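Visitor: Each chain, written out:
Number of protein chains: 2
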Amino acid sequence: MNLPDKVTICEVGLRDGLQNEKRLFTLQEKLALLNSVVKSGIKIIEVGSFVNPKAVPAMADTDELAKLMPKSSGIEYRALVANLRGVQRAHECGISKTKLTVSASEAHCLSNLNKLPAEIIHGFKDCVEYAQKQSLQLSGAISTAFGCPFQGKVPALQVENVVKEFLNLGITELSLSDTTGMANPKQVYNLCTMLKTKYPQVRWILHFHNTRGMALANIFAGMQAGITTYDGSFAGLGGCPFAPGASGNVATEDIVHMLDEMGIETNIDLLDVIETAKLAQSFAGRITESFILKAGRCQDLVK
Amino acid sequence: MNLPDKVTICEVGLRDGLQNEKRLFTLQEKLALLNSVVKSGIKIIEVGSFVNPKAVPAMADTDELAKLMPKSSGIEYRALVANLRGVQRAHECGISKTKLTVSASEAHCLSNLNKLPAEIIHGFKDCVEYAQKQSLQLSGAISTAFGCPFQGKVPALQVENVVKEFLNLGITELSLSDTTGMANPKQVYNLCTMLKTKYPQVRWILHFHNTRGMALANIFAGMQAGITTYDGSFAGLGGCPFAPGASGNVATEDIVHMLDEMGIETNIDLLDVIETAKLAQSFAGRITESFILKAGRCQDLVK
Numbered sequence: 001m002n003l004p005d006k007v008t009i010c011e012v013g014l015r016d017g018l019q020n021e022k023r024l025f026t027l028q029e030k031l032a033l034l035n036s037v038v039k040s041g042i043k044i045i046e047v048g049s050f051v052n053p054k055a056v057p058a059m060a061d062t063d064e065l066a067k068l069m070p071k072s073s074g075i076e077y078r079a080l081v082a083n084l085r086g087v088q089r090a091h092e093c094g095i096s097k098t099k100l101t102v103s104a105s106e107a108h109c110l111s112n113l114n115k116l117p118a119e120i121i122h123g124f125k126d127c128v129e130y131a132q133k134q135s136l137q138l139s140g141a142i143s144t145a146f147g148c149p150f151q152g153k154v155p156a157l158q159v160e161n162v163v164k165e166f167l168n169l170g171i172t173e174l175s176l177s178d179t180t181g182m183a184n185p186k187q188v189y190n191l192c193t194m195l196k197t198k199y200p201q202v203r204w205i206l207h208f209h210n211t212r213g214m215a216l217a218n219i220f221a222g223m224q225a226g227i228t229t230y231d232g233s234f235a236g237l238g239g240c241p242f243a244p245g246a247s248g249n250v251a252t253e254d255i256v257h258m259l260d261e262m263g264i265e266t267n268i269d270l271l272d273v274i275e276t277a278k279l280a281q282s283f284a285g286r287i288t289e290s291f292i293l294k295a296g297r298c299q300d301l302v303k
Numbered sequence: 001m002n003l004p005d006k007v008t009i010c011e012v013g014l015r016d017g018l019q020n021e022k023r024l025f026t027l028q029e030k031l032a033l034l035n036s037v038v039k040s041g042i043k044i045i046e047v048g049s050f051v052n053p054k055a056v057p058a059m060a061d062t063d064e065l066a067k068l069m070p071k072s073s074g075i076e077y078r079a080l081v082a083n084l085r086g087v088q089r090a091h092e093c094g095i096s097k098t099k100l101t102v103s104a105s106e107a108h109c110l111s112n113l114n115k116l117p118a119e120i121i122h123g124f125k126d127c128v129e130y131a132q133k134q135s136l137q138l139s140g141a142i143s144t145a146f147g148c149p150f151q152g153k154v155p156a157l158q159v160e161n162v163v164k165e166f167l168n169l170g171i172t173e174l175s176l177s178d179t180t181g182m183a184n185p186k187q188v189y190n191l192c193t194m195l196k197t198k199y200p201q202v203r204w205i206l207h208f209h210n211t212r213g214m215a216l217a218n219i220f221a222g223m224q225a226g227i228t229t230y231d232g233s234f235a236g237l238g239g240c241p242f243a244p245g246a247s248g249n250v251a252t253e254d255i256v257h258m259l260d261e262m263g264i265e266t267n268i269d270l271l272d273v274i275e276t277a278k279l280a281q282s283f284a285g286r287i288t289e290s291f292i293l294k295a296g297r298c299q300d301l302v303k
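First to last, the protein sequences are chains A and B. If you read the first sequence in our numbering, its first letter stands for residue 1, the second for the next number, and so on. If you read the second sequence in our numbering, its first letter stands for residue 1, the second for the next number, and so on.
Keep in mind that the hints were calculated from the coordinates and are not lab data. Values in this document were obtained by computation on a predicted structure and should not be read as measured data. All residues carry an ideal CB built from backbone N, CA and C; glycine is no exception. Among the clues, some could well be false.
Simulated pairs of lysine-lysine, DSSO-like, Cα-Cα distance not exceeding 30 angstroms [what the hints assert, rightly or not]:
1) B:6 with A:153
2) B:97 with A:278
3) B:125 with B:43
4) B:196 with A:22
5) A:196 with B:6
6) B:115 with A:303
7) A:43 with A:294
8) A:115 with A:71
9) A:303 with B:6
10) B:39 with B:198
11) B:6 with B:294
12) A:294 with B:153
13) B:153 with A:6
14) B:303 with A:153
15) A:133 with A:71
16) B:97 with A:303
17) A:153 with B:278
18) A:6 with A:196
19) B:303 with A:164
20) B:6 with B:125
21) A:6 with B:196
22) A:278 with B:294
23) B:97 with B:278
24) B:278 with B:22
25) B:6 with B:54
26) A:54 with A:6
27) A:294 with B:278
28) B:294 with A:294
29) A:39 with A:115
30) B:164 with B:153
Some residues of chain B that are not near chain A, with every Cβ distance over 10 angstroms (derived) [unchecked claim]:
31) 66
32) 70
33) 71
34) 132
35) 160
36) 254
37) 271
I would like the entire structure built from these sequences, with the hints used as guidance.
Guide: Right, dumping it as structure tokens:
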């Protein structure tokens, strides 16, 4: 069985977790969480998004948070953006990597923006030009890469078309997001194996939601396909707007715990990750979908 | 990737689910659940256990339930027993397969019964003699096969020793149970690959708890190791006595849903399985740890 020795975890709780929480977290709470994430050893942190604050009020203070970020070397802060204005806002507050997002699902793009995914990506050309001038890094996020409420299963070909468009723009870090928790491990293995083989120049990131319980199985499948970078959200924060009450993002502590148990190195301190998760849960004011917060680590059980 | 075309599911909710529920289910409720399980197409059903009713009051009416079981051909009813008296009670009420259980963990066996696993299995000889005379089938269940609260990780050698003892008694159907949800997919793959290669005469069954979110990943790992039979519990009923509030048995509907999504045949109707789970949840009187009951199937999301 082909498994990596080492895996990189990106913490997306401050963005994908919080933007789906009912309660608006204060700036001080966000900063406390950010500091806790940094302490745990996580080196890639998605701090928020630069989008319309009316559409996503939970992200309205991303600029302020960014200005307070601990400036530890070796940490990559990233933010989600939808257009050039987002890239510019990120740059203004010191975030050098922005993530441009598009849905792989043609039905989804047509329904939301009346454009095909390729047309949306063509619209990112101004972001690329700005980024080149300012020496900023761009990443591409492909949402609904496995399934979509508008069309069901998303064919691999639609995902590949989006990959090609991003590559045409010179963007070579791409994340595949299972936005609505519809991916299964066989599909993950097959899609990732195909893409990784055909596009070896890409740095792949996988982003799973645990809506139907398959997130850790999907990560296990992704690792077998050679993907070594995964998003997680502290305490499993976030939900699924399409299925109220269902689980959202897979919890960072559940991923790190599984990897620790499998002997796969993350350079992250699980006990610190659990402290971050407890903090996030206390701010959220609810019992979140985190297995390790409920059950403890395997080794905690041993008398 | 090596995956089976077809997988067999054993429903253990009536035993492992109910014995860990606070509420005692009535005989009529159990019968309604049993009929619902049969309707879904599941062909192996663990209906209860024949153990000391004072120790496990939830299983006290297993004899009565067994007498009411629908006598459909092609369905295998099984029950858990601890000794000869259990095998005899099962036989008296028409259950022809009993499952003798022992913990793979030496520390666990010594702590609970002051005996090593091998000594416990030697004590099953009278069960084997009785079963041979009465043409009954015996199965062996190896609990804490991956981890144990008394000793942590259970070494593969301890599991293999138990396997050898069962084989010495002529018992060739063996289940490996992750009783406390401590297994990880790498461990499952390695242990199952080793055992399946060295003991090809055994019919292997895997039994996972989702205590730390890894159950579906473990099933995915088990399938890659060539194991094609898995236990599940309707609605995810049951819990973990060592971690109150944590998830228990992996939900049958979550397994069948994943297999359906992966195109692996079960000959089980998922919608019927979901009906069983809803019934179980309504009897339990609580929201249980079932992803599919909370989120619906992938295809339910598609507009």
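Visitor: Each of the hints needs a verdict: does it hold here or not?
Guide: These are the hints, each one checked on the structure:
no.: 1; hint: B:6 with A:153; result: 22 angstroms, holds
no.: 2; hint: B:97 with A:278; result: 46 angstroms, violated
no.: 3; hint: B:125 with B:43; result: 28 angstroms, holds
no.: 4; hint: B:196 with A:22; result: 49 angstroms, violated
no.: 5; hint: A:196 with B:6; result: 28 angstroms, holds
no.: 6; hint: B:115 with A:303; result: 19 angstroms, holds
no.: 7; hint: A:43 with A:294; result: 26 angstroms, holds
no.: 8; hint: A:115 with A:71; result: 39 angstroms, violated
no.: 9; hint: A:303 with B:6; result: 40 angstroms, violated
no.: 10; hint: B:39 with B:198; result: 37 angstroms, violated
no.: 11; hint: B:6 with B:294; result: 26 angstroms, holds
no.: 12; hint: A:294 with B:153; result: 20 angstroms, holds
no.: 13; hint: B:153 with A:6; result: 22 angstroms, holds
no.: 14; hint: B:303 with A:153; result: 12 angstroms, holds
no.: 15; hint: A:133 with A:71; result: 23 angstroms, holds
no.: 16; hint: B:97 with A:303; result: 35 angstroms, violated
no.: 17; hint: A:153 with B:278; result: 26 angstroms, holds
no.: 18; hint: A:6 with A:196; result: 17 angstroms, holds
no.: 19; hint: B:303 with A:164; result: 28 angstroms, holds
no.: 20; hint: B:6 with B:125; result: 34 angstroms, violated
no.: 21; hint: A:6 with B:196; result: 28 angstroms, holds
no.: 22; hint: A:278 with B:294; result: 24 angstroms, holds
no.: 23; hint: B:97 with B:278; result: 28 angstroms, holds
no.: 24; hint: B:278 with B:22; result: 18 angstroms, holds
no.: 25; hint: B:6 with B:54; result: 40 angstroms, violated
no.: 26; hint: A:54 with A:6; result: 40 angstroms, violated
no.: 27; hint: A:294 with B:278; result: 24 angstroms, holds
no.: 28; hint: B:294 with A:294; result: 18 angstroms, holds
no.: 29; hint: A:39 with A:115; result: 42 angstroms, violated
no.: 30; hint: B:164 with B:153; result: 20 angstroms, holds
no.: 31; hint: 66; result: 32 angstroms, holds
no.: 32; hint: 70; result: 30 angstroms, holds
no.: 33; hint: 71; result: 34 angstroms, holds
no.: 34; hint: 132; result: 39 angstroms, holds
no.: 35; hint: 160; result: 20 angstroms, holds
no.: 36; hint: 254; result: 5 angstroms, violated
no.: 37; hint: 271; result: 15 angstroms, holds
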